Amino acid sequence: MAAPKKAAASPPQDKTDGGSPPEFTREQELKALRDMLLIRRFEEKAGQLYGMGAIGGFCHLYIGQEAVVVGMQMALKQGDQVITGYRDHGHMLATGMDANGVMAELTGRRGGYSKGKGGSMHMFSKEKHFYGGHGIVGAQVSLGTGLAFANHYRSNDNVSVTYFGDGAANQGQVYESFNMAELWKLPVIYVIENNRYAMGTSVSRASAQQDFSRRGVSFNIPGKQVDGMDVRAVKAAGEEAAAWCRAGKGPFILEMQTYRYRGHSMSDPAKYRTREEVEKVRHDQDPIEQVRNRLLAAKVSEQDLKAIDAEVRDIVNAAADFAQHDPEPDAAELWTDVYR
Amino acid sequence: MPIQVLMPALSPTMEKGNLAKWLKKEGETIKSGDVIAEIETDKATMEVEATDEGTLGKILIPEGTADVAVNTPIATILADGESAADLGKASAPAKQEKAAESAPPAAAKAEAPQPKAAPSAPQAVAEPDPEVPAGTEMVTQTIREALRDAMAEEMRRDADVFVMGEEVAEYQGAYKVTQGLLQEFGAKRVIDTPITEHGFAGVGVGAAMTGLKPIVEFMTFNFAMQAIDQIINSAAKTLYMSGGQMGCSIVFRGPNGAAARVAAQHSQDYSSWYSHIPGLKVVAPYSAADAKGLLKAAIRDPNPVIFLENEVLYGHTGEVPKLDDFIIPIGKARIVRAGSHVTIISWSNGMTYALKAADELAKDGIEAEVIDLRTLRPMDTETIVNSVKKTGRAVTVEEGWAQSGVGAEIAARIMENAFDYLDAPVARVSGKDVPMPYAANLEKLALPSAAEVVEAAKAVCYR
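Chains as they are written, first to last, in the numbering used here: chain A, 54 to 393; chain B, 5 to 467.
Any given hint might turn out to be false.
Short, incomplete list of chain A residues facing chain B, as computed with Cβ under 7 Å [unchecked claim]:
#1 Lys170
#2 Tyr184
#3 Ile189
#4 Leu196
#5 Gly199
#6 Leu200
#7 Ala259
#8 Ala261
#9 Gln262
#10 Asn273
Derived pair list, reagent style BS3-like, types lysine-lysine, alpha-carbon separation capped at 27 Å [stated by the list, open to error]:
#11 A:Lys179 x B:Lys180
#12 B:Lys62 x B:Lys20
#13 A:Lys238 x B:Lys62
#14 A:Lys98 x A:Lys302
#15 A:Lys302 x B:Lys62
#16 B:Lys35 x B:Lys20
#17 B:Lys462 x B:Lys436
#18 B:Lys20 x B:Lys180
#19 A:Lys130 x B:Lys180
#20 B:Lys326 x B:Lys367
#21 A:Lys130 x A:Lys181
#22 A:Lys333 x A:Lys238
Simulated from the structure, these hints should not be mistaken for lab results. These numbers were taken from a predicted model, which means no experiment stands behind them. C-beta: ideal position from N, C-alpha, C; glycine also.
Can you build the whole structure from these sequences, using the hints too?
See the structure below:
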C-alpha cells in the first residue's frame with residue numbers, strides 16, 4: 054500500500070471555531086430547514102407508530118441531532134458513501150432515500166428497503182451510496198474504512214463518511230481502523246456524533262478522553278470539535294474535512310457536539326438525565342428553530358415556512374400510510390437473499 | 005566424543021529440507037553461534053548456527069543435497085583434543101538422543117504426513133476426478149503452490165481481486181502461500197496489514213460491499229476469532245438484511261486446525277463454527293488440485309467464503325491439472341476411493357487418517373468408500389447418502405471436537421435421509437474433548453488417528 058509518511062508535523066486539533074460559521078444563502082437555509090424537518094416529523098411519526106405497535110423491536114430516534122446529517126450531506130458530492138450505526142433513519146432520509154421505503158422497513162413490510170428483512174437498524178441503498186444501518190456498535194467504523202479503502206483502490210476522489218457515537222468511540226476496532234486509515238491515507242471522515250449519552254451512560258462516566266476530536270491524536274489524524282446543533286457549522290466543517298480527504302491527506306475526525314431529545318431507544322425511560330436538561334437544549338439550541346429564526350429574521354414569510362411544514366407532513370403521512378397498508382413480505386421471502 | 009550436527013527443523017511442520025550451502029569447510033574452527041550452513045525448504049531459507057565449539061570434522065551431507073530429513077546427521081564437530089580418528093565415535097547431543105527415543109517432533113506427526121517418498125500415495129488409489137477431463141496433463145505441485153497459483157490466476161483475470169493480511173506481501177506470507185504475489189501485482193493489490201484482525205476483516209468487508217473482491221488472509225484461523233463478528237454479523241448477514249441489495253464477494257482464508265506442537269490457542273479446528281452460519285460458504289480442501297480449483301471458485305463466488313487450509317498439508321504435493329482455468333465447483337464432495345462395506349467421510353487433514361485407515365481395512369477384507377467432502381457448507385448430502393445407501397455403514401473423521409461438530413451434522417443427515425439403510429449406528433472419530441496439549445505424546449492422543457478410524461469402521465461392520 055501507499056508508503057507511510059515520514060514524521061508528520063502535528064495535525065490541526067481545533068476547538069470549536071470562535072466566531073459564527075459562514076452564513077447560508079436563503080436557498081441553503083430553506084433546504085436545511087426542509088431536510089431537518091423531514092427527519093424530525095418522520096421520527097415523531099415513527100415514535101407514534103411504535104407506540105401503536107406497528108413498529109417492533111428496537112427503534113432509535115434521531116430527534117435533536119438532525120443538523121449533523123443534513124449539514125454533512127450538504128458538504129458531500131455525488132458518489133460519496135455514508136455508513137452509520139443503528140440510529141440511522143436520519144442518515145437515510147438525508148441521503149435522499151425514500152421515506153416510504155424507510156418507514157415500510159420499520160413496519161416490516163415488503164416495500165421496505167430490505168423487503169422487511171432488515172428492520173430499523175439494517176437498511177441499505179446502493180443507489181444513494183448508503184451502506185447501512187449496522188446493529189453492532191462500532192462495526193461500521195471498520196466497514197466505513199473499507200469503503201474509503203475501495204475509493205483509494207479505485208483512485209476516485211470520493212470520500213467515505215463514517216458516523217458513530219460517543220459510545221462506539223470506545224470500541225477497539227475504531228482504533229484499529231484509525232491506524233490503517235492514516236497509515237494508508239484513506240479518504241474517510243469519521244463523524245463522531247457526541248450526543249452525550251451512550252445509552253444511559255454519560256460521556257463523563259465512560260470516556261477517559263472526553264474531547265473526541267483528539268481521539269486520533271496518537272495516529273496523527275486531525276480532528277475538530279463542531280457545534281453539531283448549527284447546520285452551518287456542520288457544513289463548513291464537513292467541507293474542510295472532505296477537502297482534506299480528497300487532497301489525499303488521509304482521514305479526518307469531526308466531533309459533532311449534539312444531543313438526542315428522546316431516549317436511547319423507544320423503551321428507554323431516560324432516568325439518567327433531568328427533564329430540565331433536555332428542555333434547556335431544546336429551548337436554547339434546537340437545530341431547526343435556529344434556522345427558522347434566521348429565516349424569519351431575513352423576512353421569509355410565516356406562510357412560506359408553513360408551506361414547507363405542510364409538504365413535509367404530507368410526505369411523512371403518506372409514508373406512514375404506505376407502511377401500514379403495504380403487505381408483509383411473502384412467506385417465500387424467508388428463504389431468499391441468503392446467497393447470491 | 006565428537007558431536008553430530010543434525011538437520012534442524014525450521015518450523016513445527018517441516019519434515020525435510022535441502023542443504024543449500026556449507027559456509028565452513030572441513031578442518032575449520034567453529035565457535036558457538038557461527039553460521040555453518042544454509043538450508044532451505046519451499047517456504048524459507050535459514051542459516052544453521054553451531055551450538056558447539058571445535059573443529060568441523062566431517063561433512064556428512066554435501067551441499068546441494070535435496071530432501072534431507074529433519075534430524076539426519078549432517079556434520080560432525082570435533083572437540084578440542086579430538087582428531088579425525090575419533091570420527092567413528094560420533095554421537096548426537098544427549099538431548100537429541102533422548103528426544104529421539106520418546107517422540108521427536110517428526111515422530112509426533114507420524115500420522116499426519118504422507119510417506120516421504122510418495123506424498124501423493126493415497127491418490128494413487130483415487131477414483132478419477134470427474135472435474136478433470138481424461139487425458140489432461142498434470143503437474144506436481146505442493147498445496148502451497150497450488151493456492152498461490154489460484155490467487156495469481158484470479159488476480160490476473162480480475163483487477164478487483166486483491167489480497168490483504170499480515171505478512172502477505174514483503175515477507176511473502178507467514179506460510180509462504182502468497183510467495184511472489186507482491187512482485188507480480190505490486191503493493192496496491194498485495195497489502196501488508198498491521199496486526200489488527202478485527203479491523204482489517206472489517207475493512208475487507210467494507211471494500212467488498214462496494215464490489216471489490218478481497219482475499220483476506222488470516223495468519224491462522226485461530227486469530228480470526230478476533231474478527232469473527234465482522235465475518236458473521238457483517239459479511240454473512242448483509243445480503244439478507246439488505247433484501248438482496250448488498251452482499252459481499254470476499255474470501256477469508258488461512259490455515260485452520262491443528263498444526264504441530266503449538267498447543268491449545270494455535271491448534272483448533274473451526275470447521276463446525278463457520279459451517280453453522282447461513283450466508284457463508286465453507287470450503288476445506290485436502291488435495292492440491294482441489295486446493296487450486298476450489299480457491300479459484302471461492303474468489304469468483306459472489307458470497308463470503310471461508311476457505312480453511314491446513315498447515316500440515318501445505319508442503320504436501322499432488323497432481324494438479326494443467327488447464328487454463330481449472331475450477332472445482334463449491335458444494336460437491338468427491339468419492340476418493342470406492343468401496344462397498346463402509347463409508348468413511350472426512351475433509352481436509354482428516355482425509356489423511358481416513359485414507360490410511362482404508363488401506364489398513366483393505367488388508368482385513370473391508371473395502372471402505374472414502375468421501376472427501378471438500379465443501380462443508382453447502383454440504384453435499386446426496387453423495388453421502390447415496391454412498392451410505394450402498395454400504396449401510398458410516399464413519400465420520402474430523403480433527404475438531406465431537407460436540408456440535410461436523411460429524412454430528414453428517415450423522416444427523418444420514419439418519420434423516422438413509423435411516424432404513426443403516427446396518428449400524430454412525431460412528432464419529434474426532435479430536436478429543438480437551439484443549440490441544442503441547443506434549444508430543446498427549447498431542448498425538450488428542451488428535452484422531454488412522455487406528456481409531458480402523459477401529460470405528462470395524463465396529464460398525466461388527467468385526
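Verification of the hints:
1. Lys170: 5 Å, holds
2. Tyr184: With a minimum Cβ separation of about 6 Å from chain B (threshold 7 Å), the hint on tyrosine 184 of chain A holds.
3. Ile189: 5 Å, holds
4. Leu196: 4 Å, holds
5. Gly199: Hint on glycine 199 of chain A: holds, closest Cβ of chain B at ~2 Å, below 7 Å.
6. Leu200: Since chain B brings a Cβ to about 5 Å from leucine 200 of chain A, closer than 7 Å, the hint holds.
7. Ala259: Not OK, violated: alanine 259 of chain A not within 7 Å of chain B, min 20 Å.
8. Ala261: Since chain B brings no Cβ nearer than about 21 Å to alanine 261 of chain A, farther than 7 Å, the hint is violated.
9. Gln262: Violated - the Cβ of glutamine 262 of chain A stays beyond 7 Å from chain B, reaching only about 20 Å at its closest.
10. Asn273: At about 15 Å, which exceeds the 7 Å cut-off, the nearest Cβ of chain B leaves the hint on asparagine 273 of chain A violated.
11. A:Lys179 x B:Lys180: 38 Å, violated
12. B:Lys62 x B:Lys20: Distance of about 21 Å is within 27 Å: holds.
13. A:Lys238 x B:Lys62: Between lysine 238 of chain A and lysine 62 of chain B the Cα gap is close to 56 Å, so the pair fails against 27 Å, i.e. violated.
14. A:Lys98 x A:Lys302: Violated, at about 42 Å.
15. A:Lys302 x B:Lys62: With Cα atoms ~61 Å apart, lysine 302 of chain A and lysine 62 of chain B exceed 27 Å; violated.
16. B:Lys35 x B:Lys20: This hinted pair holds, its Cα atoms lying about 26 Å apart.
17. B:Lys462 x B:Lys436: 20 Å, holds
18. B:Lys20 x B:Lys180: 16 Å, holds
19. A:Lys130 x B:Lys180: Violated - the C-alpha atoms of lysine 180 of chain B and lysine 130 of chain A are around 43 Å apart, more than 27 Å.
20. B:Lys326 x B:Lys367: The hint is violated at about 35 Å.
21. A:Lys130 x A:Lys181: Cα-Cα ~11 Å, so holds.
22. A:Lys333 x A:Lys238: 41 Å, violated
Hints 7, 8, 9, 10, 11, 13, 14, 15, 19, 20 and 22 from the earlier list are contradicted by this structure; the remaining hints agree with it.
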